[in-house]
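In the UniProt record's numbering, the protein residues as written are 1 to 50.
Keep in mind the hints are simulated off the structure, nothing from the lab.
Warning: the hint list may mix true and false statements.
Derived DMTMM-like pairs (lysine to aspartate or glutamate); straight-line CA-CA distance at most 25 angstroms [stated by the list, open to error]:
{"no.": "1", "residue 1": "44", "residue 2": "20"}
{"no.": "2", "residue 1": "34", "residue 2": "20"}
{"no.": "3", "residue 1": "14", "residue 2": "3"}
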Amino acid sequence: MGDRNTERKLFRDKLLKGLDVAYKRMIAEKRENKQKIIIWEEGKIVTINP
1 MGDRNTERKL
11 FRDKLLKGLD
21 VAYKRMIAEK
31 RENKQKIIIW
41 EEGKIVTINP
């Protein structure tokens, strides 16, 4: 059972790392193309100009 928990933790770590890389690439592409970045902040949809 310990192996399964270890596998899940490793999978979760890899997944979060991949999401972080994807987010950084998306932000870089939006800035490069001068597109607006839309985020959810304090219950509101906010548009940010790069």
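query: Which of the listed hints are broken here?
result: Hint check: nothing fails, all pass.
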